[in-house]
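One line per chain: the protein sequences are A and B, in this order. Just so it is clear: in the first sequence, position 419 is 802 by the numbering used here, and no numbers are missing. Just so it is clear: in the second sequence, position 499 is 1328 by the numbering used here, and no numbers are missing.
Hints are computed from structural coordinates only; laboratory data are not their basis. On a predicted model such as this, the values are computed, not experimentally measured, just so you know. One or more of the hints may lead you astray.
Below 27 Å or equal to it, Euclidean Cα-Cα: the simulated DSSO-like pairs (lysine-lysine) are [as the list claims (entries may be wrong)]:
#1 K889/B to K1316/B
#2 K750/A to K860/B
#3 K796/A to K1012/B
#4 K1202/B to K1286/B
#5 K796/A to K889/B
#6 K750/A to K1286/B
#7 K1327/B to K1056/B
#8 K750/A to K905/A
#9 K1289/B to K1202/B
#10 K727/A to K1012/B
#11 K855/B to K796/A
#12 K905/A to K903/B
Have a look at the derived ranges for each label pair, beta carbon to beta carbon [what the hints assert, rightly or not]:
#13 L583/A to H833/B: 55 to 61 Å
#14 V833/A to R1119/B: 29 to 35 Å
#15 I623/A to R1038/B: 54 to 60 Å
Every residue, glycine too, gets a C-beta built ideally from N, C-alpha and C.
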Amino acid sequence: MSASLLLAAAPDHITTPSVAYKALAPIFIVIAAALLGVLAEAVVPRRERFSVQLGIALVGLVTAVIWVGAIHGTSLTTPSPKGNNLPFAGSLAIDPAGLFIQGTILALAIMSTLLMAERSVDVGSPIVASAAAVVGSPDDRRLAQSDRVQTEVFPLMMFAVAGMLIFPIANNLLLMFVALEVLSLPLYLMAGMARRRRLLSQEAAVKYFLLGAFASAFFLYGLSLLYGYADSVDLPNIFIATRQSGKSDVLLYLGLALLLVGLLFKAGIAPFHSWTPDVYQGAPTPVTAFMAACTKVAAFGAILRVLYVGFSSSSWDWRPVVWGVAIASMVVGAVFGLTQTDVKRILAYSSIAHAGFILVGLVALTKDGVSSVLFYLLTYGFSTLAAFGLLMVVRDADGEATRLSQWSGLARKSPFVAVVMTILLMSMAGIPLTSGFTGKFFVFRAAFHVAAPLVVIALIFSAIAAFFYLRIVVLMFFAEPPENGPTIAIPGWSTSVALTFGVVVTIVLGVFPQPILDLAVKAAHLTG
Amino acid sequence: MTHHDARLLILVLIPLLGSVAVFSLKETQGKLAKQISLGVSLVVAVYAIVVLFQFDTSSKAERFQFNGSWTWIKAFGVHIAFGVDGIAIVLVAMSVVLVPAVILASWNALDSRAGAEELNPSGRRRSVKNYFGLILLLEFFMIGVFTATDVFLFYVFFEAMLVPMYFIIGSFGGPRRQYAAMKFFLYSLVGGLLMLASVIGLYVTTGSRSFAITDLIGKVPDGPTQKWLFLGFFIAFAIKAPLVPFHTWLPDAGAEAPAGGAALLVGVLDKVGTFGFLRYCLPLFPGASRYFAPLILVLSVVGILYASFLAIGQRDMKRLVAYTSVAHFGFIGLGIFAFTTQGGTGAVLYMVNHGFSTGALFIVVGLLIARGKSRNVDDYGGAAKVTPILAGLFLLAGLSALALPGMSTFVSEFLVLVGTFTRYKAFAIIATTGIVLAAIYVLYLYQRTFQGAVNEKVTKFRDLNVREVFSVAPLIALIVFLGVYPKPVLDIINPAVKATLSDVHKTDPAPVFKTAVGGKK
Chain A
384 MSASLLLAAA PDHITTPSVA YKALAPIFIV IAAALLGVLA EAVVPRRERF SVQLGIALVG
444 LVTAVIWVGA IHGTSLTTPS PKGNNLPFAG SLAIDPAGLF IQGTILALAI MSTLLMAERS
504 VDVGSPIVAS AAAVVGSPDD RRLAQSDRVQ TEVFPLMMFA VAGMLIFPIA NNLLLMFVAL
564 EVLSLPLYLM AGMARRRRLL SQEAAVKYFL LGAFASAFFL YGLSLLYGYA DSVDLPNIFI
624 ATRQSGKSDV LLYLGLALLL VGLLFKAGIA PFHSWTPDVY QGAPTPVTAF MAACTKVAAF
684 GAILRVLYVG FSSSSWDWRP VVWGVAIASM VVGAVFGLTQ TDVKRILAYS SIAHAGFILV
744 GLVALTKDGV SSVLFYLLTY GFSTLAAFGL LMVVRDADGE ATRLSQWSGL ARKSPFVAVV
804 MTILLMSMAG IPLTSGFTGK FFVFRAAFHV AAPLVVIALI FSAIAAFFYL RIVVLMFFAE
864 PPENGPTIAI PGWSTSVALT FGVVVTIVLG VFPQPILDLA VKAAHLTG
Chain B
830 MTHHDARLLI LVLIPLLGSV AVFSLKETQG KLAKQISLGV SLVVAVYAIV VLFQFDTSSK
890 AERFQFNGSW TWIKAFGVHI AFGVDGIAIV LVAMSVVLVP AVILASWNAL DSRAGAEELN
950 PSGRRRSVKN YFGLILLLEF FMIGVFTATD VFLFYVFFEA MLVPMYFIIG SFGGPRRQYA
1010 AMKFFLYSLV GGLLMLASVI GLYVTTGSRS FAITDLIGKV PDGPTQKWLF LGFFIAFAIK
1070 APLVPFHTWL PDAGAEAPAG GAALLVGVLD KVGTFGFLRY CLPLFPGASR YFAPLILVLS
1130 VVGILYASFL AIGQRDMKRL VAYTSVAHFG FIGLGIFAFT TQGGTGAVLY MVNHGFSTGA
1190 LFIVVGLLIA RGKSRNVDDY GGAAKVTPIL AGLFLLAGLS ALALPGMSTF VSEFLVLVGT
1250 FTRYKAFAII ATTGIVLAAI YVLYLYQRTF QGAVNEKVTK FRDLNVREVF SVAPLIALIV
1310 FLGVYPKPVL DIINPAVKAT LSDVHKTDPA PVFKTAVGGK K
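Produce the entire structure from the sequences given, and follow the hints as far as they go.
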């Protein structure tokens, strides 16, 4: 006894924690791509910079997603019950659920990158060439005409993706906080980079930054209180503490509440959603798509881990809270969504409502609950990303035509765009034979055991939300087009690939969801 | 229990493939689109009738026949499972007969020349191939919804069916089509989502690993849970059927939909509601069905009277026909929830007859509107002198709607009333006044449009051509045939109704008087 104590107190050598390079390789690959991108920005001539940057980003993401596919189901990702083979002494957990989320984020990031590489619909790209130019200055006017492109956005995005990959697998709250900042900082910048409507975009960036900073502070404060409660910032240790700690529960409740504020903010869940419509509207559309899909997936991954790994034994305390914010999100998303007149804002409110539906699955606290949340995130991500991507091709002289009235009679101009949009909207409304229905069914089924009334509420709000999706369909198909309505631009190859992929996934997961469902069911395993 | 009988699967898939073919045509190939759709719908009709004749009506036959089941979503225990009982097969047969009639009747409805059937102020061109593609797509969902024996699959068809109908109303309908399409979709969607809650609840409460209807019958424990689950299904079906007070979408949708679409909407889609009562509400939730039956009977009787009075007061012909249907659905509800074999059999036969009769009525009204370019009865008068054939067919369709003896609708109405009388005398007596009211709204409509002084707008009307006659005449012939000789259909329906009633644990009350029209073996 005393010998071992001595040994622990004065080791002969410091044992470095195992890193499990193979399991963490996707993260390293993405970070490497980001650093390479920074380097390329400095050395590659301007003419070739765009294609080189795009190449680095895509190669990095694709390699990472292939890696994720290769290690899934192997012993690398099935940690021993004691969790002693986790990398960085248990700070990171490459478990099946984490890996599923990483794969989803990477796949969605590839699509976002493709959307960002769009150069056909507008001169230059959707990203402003020099974000620092003062709006209205001669510089700014010159920029609006030139076809200069800006390529820093690709390495920025890679950093954000790296943060997102770490965020949902962090079993250590401090590391989770670092990941949160790594993913957020590039996003604050990217939100301000819209090529058109610069002021709106800059406003979005400032708003997002200020509110995001507050949210991070909340997270950090909560973390410190939890440390006071559990003497540890590791989720497994916090879990042990919640079961046997003699300390005051006030620390626990306050800490968890503040922690959740930070997380709910990132996931765009009511009542911490108010930034979402403004930022989604102001940010460049591909960036909006990236935020709406990837950030949300990553944030929900983190919420899942915090609640399931760290606080599953105090579920009686947080379950009513999750009920509350789920209902609030559905109410805000569905009801406020009805009053919007801008398609981008409608989609923003739709994402808030969807966050509410996902929380319904979270309440279940079962394996089914985990896999239904994972599956829903996947279906939601693809449909939303493709829907935002589609906004890029409907344009007028001022850029994207996002006012709802401009979409009337769109089916007459381009039946194809209208049909694709309809499929995506039907999926979001949860009409059978689309991925959205499969996801909703899975989530509601998982939650029915413990929260039947919540499921009924969610179904009612699905119907209300369906109304505003239908409103767009009605306008596109049944209304007369306005006099000088928008035109449909022919998108470049990259956008076309991304849109096609999004729509195909939406339909396939509605008609033949079995393979992905199997993956999600197998992935319902979080290591604590 | 794995059956792989593919007969029904093929039946379901033919219209789907047809609709894909029609959608992939060019916009200019409207004529070809019509020909393909007519051809496909006729093939489906012939194929379905062949299957119908293979249906075993002997006493030791299985309840569900032609069963085929394939795993679809293993994680949810969902199968692509088809099978029909006597109720489903006659409804499928009714649907597949109605579709070619509708296609024939809509042949020139969208041409810019003959067009303007729906008083479209903007006069915009409508895509011919899309209309016929949507009708075939709708047929796919209609057959699917009647033949599915997996609750999940049924739900998928039930909801997905809204989409083509929504576009038929919204893209090809009358002046207020946007409003009507939206109202139709939202009403149905709300009902559908309540049903989804019950479907999930069914899965959870029974603990069954499968959604097959045969695995679920008798598994829901009696009590408050069963009542809640029942209500989820019931409201969805009551909206669909529609029963008063869930009916307000139908007059709008029926009036604004193009005549062909309206015929399918009221003739077939709404039957899914009453079919759902029989297939899902009664067998799955017997206790709750008995508990709620008096309430539903009251709603049915109120519906019969209320809708009949409204129909009498309508000036818009399509709204009028829509209201008559609400009244007829009251009769069907009455027959189902009286829990007698006669009532149930009558209700099912009523569903078949009503499909033909209302389908025919919508089609003839559509033909009249196509000539007068107005839905208002005041714009017509004395048309019988100008268009005798149309007048004759109109009168026959109308008489079938008011259940004249000799027409099949009489048989079914009589069975429903007799079946109800043996258990609930008061309801049956009140409902009987609906017959009188039916005579008023039908004959009053006929009188205002075809009799009396010839309205000058009517003088240039062209009488029906051969195609138009062929779109209505077969339906009327069927009505008359089944009116005189309903036995073959009753033989198919009877065992299925008995099986359903035994699920509800209801036996017929001791007969007050021995009577039955046809079919009692």
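Hint by hint, here is what the structure shows:
Restraint check for K889/B and K1316/B: satisfied, since their Cα atoms lie roughly 19 Å apart, inside the 27 Å limit. Our distance criterion of 27 Å between C-alpha atoms is broken by K750/A and K860/B, whose separation comes to about 55 Å. Taking the CA atoms of K796/A and K1012/B, the gap is near 26 Å; set against the 27 Å cutoff, the hint holds. For the suggested pair K1202/B and K1286/B, the alpha carbons sit about 10 Å apart, so the restraint of at most 27 Å is met.
The straight-line distance between the Cα atoms of K796/A and K889/B is roughly 60 Å, outside the 27 Å bound, and the hint therefore fails. For the hint pairing K750/A with K1286/B, the CA-to-CA distance comes to about 71 Å; that exceeds 27 Å, so the pair is violated. Taking the CA atoms of K1327/B and K1056/B, the gap is near 23 Å; set against the 27 Å cutoff, the hint holds. Of the supplied pair hints, the one linking K750/A and K905/A holds, its CA atoms being roughly 9 Å apart against a limit of 27 Å.
Straight-line distance between C-alpha atoms of K1289/B and K1202/B comes to about 12 Å, which keeps the hinted pair within the 27 Å bound. A distance of roughly 25 Å separates the Cα atoms of K727/A and K1012/B; the hinted pair therefore holds under the 27 Å criterion. For the hint pairing K855/B with K796/A, the CA-to-CA distance comes to about 16 Å; that is within 27 Å, so the pair holds. Of the pairs offered as hints, the one joining K905/A and K903/B holds, with about 13 Å between alpha carbons and a cut-off of 27 Å not exceeded.
Roughly 59 Å separates the CB atoms of L583/A and H833/B, a value that falls within the hinted 55 to 61 Å. Restraint check, V833/A to R1119/B: a C-beta distance of roughly 31 Å satisfies the suggested window 29 to 35 Å. The hinted window of 54 to 60 Å between I623/A and R1038/B is violated, with their beta carbons roughly 36 Å apart.
This entry does not satisfy hints 2, 5, 6, 15, going by the numbered hints stated previously.
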